[in-house]
Amino acid sequence: MQCSTVKDRHAPGRWARRQTKNNDCTDTTGDGGVGRNDKMQKPFELTRRGFLAGSATLGAGLIVGPGQTWAESWKPKPGGHFRVGIGDFSATDTMDVTTNDTKFFNVAQMTTRNCLVEVDGDGKLIPELATSWDSDPAAKVWTFKLRQGVTFHNGKTFGPEDVVFTLKRHLEAGSTSGIKPFLGDVESFEATGPDEVTITLSSGNVDIPAILSIPMSAIIADGTRDPNDGNGTGPYILESFRPAIGASFKRNHNYWKEGRGHFDSVELVAIADPSARTSALIGGNINTYNQVDLKTVELLKRSSSVRIISLPSKAHYCFPMMQTMAPFKNPDVVDAMRYAIDRKDMVQRILKGYGTVANDQPISSAYPYFNPDIPQREYDPDRARSLLKKAGMSNLSVDLNVCEVPFSGATDAAVLFKQYAKDAGIDINIKRVPDDGYWDKVWTRVPLCTARWSGRPTEGIMIGGAYTSAAAEAGWNETGMRDPQLDQLVSAARQETDEAKRRQMYYDMQEIIHTRGSNNIFAFANITDATSSKVATPKKIATNRDLDGFRATERWWFWH
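This note's numbering numbers the first residue of the sequence shown as 1 and each following residue consecutively.
Calculated from the structure, these hints are not laboratory results.
Just to be clear, a hint being listed does not mean it is correct.
Unchecked claim - Here are the simulated lysine-lysine pairs, PhoX-like style, with alpha carbons at most 25 Å apart:
hint, residue 1, residue 2
1, Lys-145, Lys-77
2, Lys-329, Lys-389
3, Lys-168, Lys-145
4, Lys-77, Lys-534
5, Lys-390, Lys-418
6, Lys-390, Lys-422
7, Lys-140, Lys-124
8, Lys-250, Lys-77
9, Lys-77, Lys-539
10, Lys-156, Lys-295
11, Lys-431, Lys-418
12, Lys-295, Lys-75
13, Lys-257, Lys-124
14, Lys-295, Lys-352
15, Lys-295, Lys-344
16, Lys-534, Lys-301
17, Lys-168, Lys-140
18, Lys-418, Lys-389
19, Lys-422, Lys-352
20, Lys-295, Lys-145
21, Lys-418, Lys-344
22, Lys-295, Lys-418
23, Lys-539, Lys-257
24, Lys-441, Lys-431
25, Lys-250, Lys-329
26, Lys-431, Lys-295
Since this is a predicted model, take the numbers as computed values, not measurements.
With these hints in hand, go ahead and build the complete structure from the sequences.
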């Protein structure tokens with residue numbers, strides 16, 4: 001198992017781009033000028049009349065997606081102050097790579113730091129701080145060659161000691177790191193040369209390079225303990241970080257990647273309300289934002305000053321039910337809830353065409369090992385009633401905790417779920433909770449809530465990080481599922497190098513989660529971001545996470 005770079009031609013930032021049908025991007029605006037404004041303007045309330053009146057010229061809004069072309073004459077130019085509105089954040093966010101996984105945290109990490117491995121616009125793993133990697137046939141010993149000549153923002157030279165320190169931090173006692181479950185079989189991290197790190201495992205894991213592409217695996221300098229320390233090797237230098245408010249960065253003029261990090265400065269702005277994010281973009285207070293409110297996306301498309309980027313992805317929306325809490329300790333109650341939702345209607349009314357129907361397991365057809373043979377669970381209120389009667393809970397009443405942090409439209413989705421479930425004799429009490437602290441105080445701590453998962457590089461990382469006993473120990477298992485057979489399959493699939501056997505294992509995992517799990521996964525959602533027409537993007541935009549794989553600050557630029 002090997003990966004290596006071709007010198008110069010494949011240097012990061014200059015990877016050859018080819019047109020495909022999946023995520024080519026088109027910009028027809030050609031709108032020049034950055035229009036930098038260093039002072040935040042006062043946001044205005046967005047109304048239909050105000051929106052239309054505010055656009056001097058109305059044209060066809062742009063959906064970036066399949067089958068579109070790209071002007072090949074683009075050339076990134078430096079300059080400007082790039083403001084990013086982010087709708088998922090927490091008052092407990094820090095720069096500590098082992099503690100958080102909000103979108104605000106992830107974008108901040110990819111603004112200041114690099115991983116060993118990067119996911120490119122095609123969804124492929126490419127070298128970043130590692131120039132190549134390979135393993136023994138059993139995938140138990142992995143060797144990573146490191147890039148030389150890279151320095152941290154504080155002037156320290158990047159070396160193997162930084163990689164070893166970073167990865168060991170995730171496994172420290174008491175760590176709640178999101179990648180800890182994937183590193184449980186590690187026996188050692190060792191610097192085996194001036195530009196080499198070797199990872200030795202007790203059992204094989206073919207996903208190690210993919211794991212080291214996750215933003216939480218971003219490399220920090222040896223000895224870093226201060227959670228507010230943003231020192232890294234990335235394109236921008238942290239100037240200020242205020243949780244749940246914002247963060248500011250200045251360009252790293254010594255950045256090692258050619259053709260990346262184009263802006264003079266970057267600002268991240270925490271904006272919980274979807275309408276406020278839209279207003280901020282229209283008002284010129286931000287240049288881009290994630291989690292577009294799909295109720296207004298068609299209206300946004302009509303503005304010549306706005307560009308919509310919507311691409312099929314591996315992300316999913318769900319109502320997780322905690323198996324360790326009443327009433328979901330009873331599997332009949334779990335199944336009743338899953339037959340009490342009309343997924344097709346939900347996708348049509350909430351995602352408005354920007355997604356597809358899911359089937360209570362997290363692997364979509366965008367993954368190579370998607371199991372197409374699992375029967376679709378349909379809306380069947382009569383069957384739900386029968387299951388509740390069997391469970392002795394014919395008059396089930398349950399609280400559904402909801403806010404707009406997981407995804408725009410989450411509250412509306414909860415209202416629809418309540419309506420569907422009523423026909424099954426289930427009384428869902430919608431409990432609106434504060435946006436701030438949702439992931440720390442509500443998610444995984446209540447019987448029923450709303451959630452959204454971005455895609456993961458591989459099936460093993462998705463399932464292993466959310467449905468195993470190890471994930472439960474790390475605080476990332478939102479259903480409390482502990483299934484010995486699933487745990488065994490996840491471990492075995494990581495070691496399996498035979499393609500057919502590995503595929504069958506992932507097929508079996510999806511079947512187990514569908515039948516014995518307790519997640520009500522109703523939709524696979526497009527990643528839908530909005531930008532000013534003054535913002536330019538690469539031809540290929542990554543679909544693994546929002547905002548170009550959380551790397552918009554590094555990869556995008558302004559038209560001049």
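Now the hints, each set against the structure:
no. : hint                : verdict
1   : Lys-145 <-> Lys-77  : violated (31 Å)
2   : Lys-329 <-> Lys-389 : holds (16 Å)
3   : Lys-168 <-> Lys-145 : holds (18 Å)
4   : Lys-77 <-> Lys-534  : holds (12 Å)
5   : Lys-390 <-> Lys-418 : holds (21 Å)
6   : Lys-390 <-> Lys-422 : holds (18 Å)
7   : Lys-140 <-> Lys-124 : holds (22 Å)
8   : Lys-250 <-> Lys-77  : holds (16 Å)
9   : Lys-77 <-> Lys-539  : holds (15 Å)
10  : Lys-156 <-> Lys-295 : violated (48 Å)
11  : Lys-431 <-> Lys-418 : holds (11 Å)
12  : Lys-295 <-> Lys-75  : violated (34 Å)
13  : Lys-257 <-> Lys-124 : holds (18 Å)
14  : Lys-295 <-> Lys-352 : holds (8 Å)
15  : Lys-295 <-> Lys-344 : holds (17 Å)
16  : Lys-534 <-> Lys-301 : holds (15 Å)
17  : Lys-168 <-> Lys-140 : holds (17 Å)
18  : Lys-418 <-> Lys-389 : holds (19 Å)
19  : Lys-422 <-> Lys-352 : holds (23 Å)
20  : Lys-295 <-> Lys-145 : violated (48 Å)
21  : Lys-418 <-> Lys-344 : holds (15 Å)
22  : Lys-295 <-> Lys-418 : holds (20 Å)
23  : Lys-539 <-> Lys-257 : holds (18 Å)
24  : Lys-441 <-> Lys-431 : holds (14 Å)
25  : Lys-250 <-> Lys-329 : violated (50 Å)
26  : Lys-431 <-> Lys-295 : holds (22 Å)
Checked against the numbered hints given earlier, the structure breaks hints 1, 10, 12, 20, 25 and satisfies all the rest.
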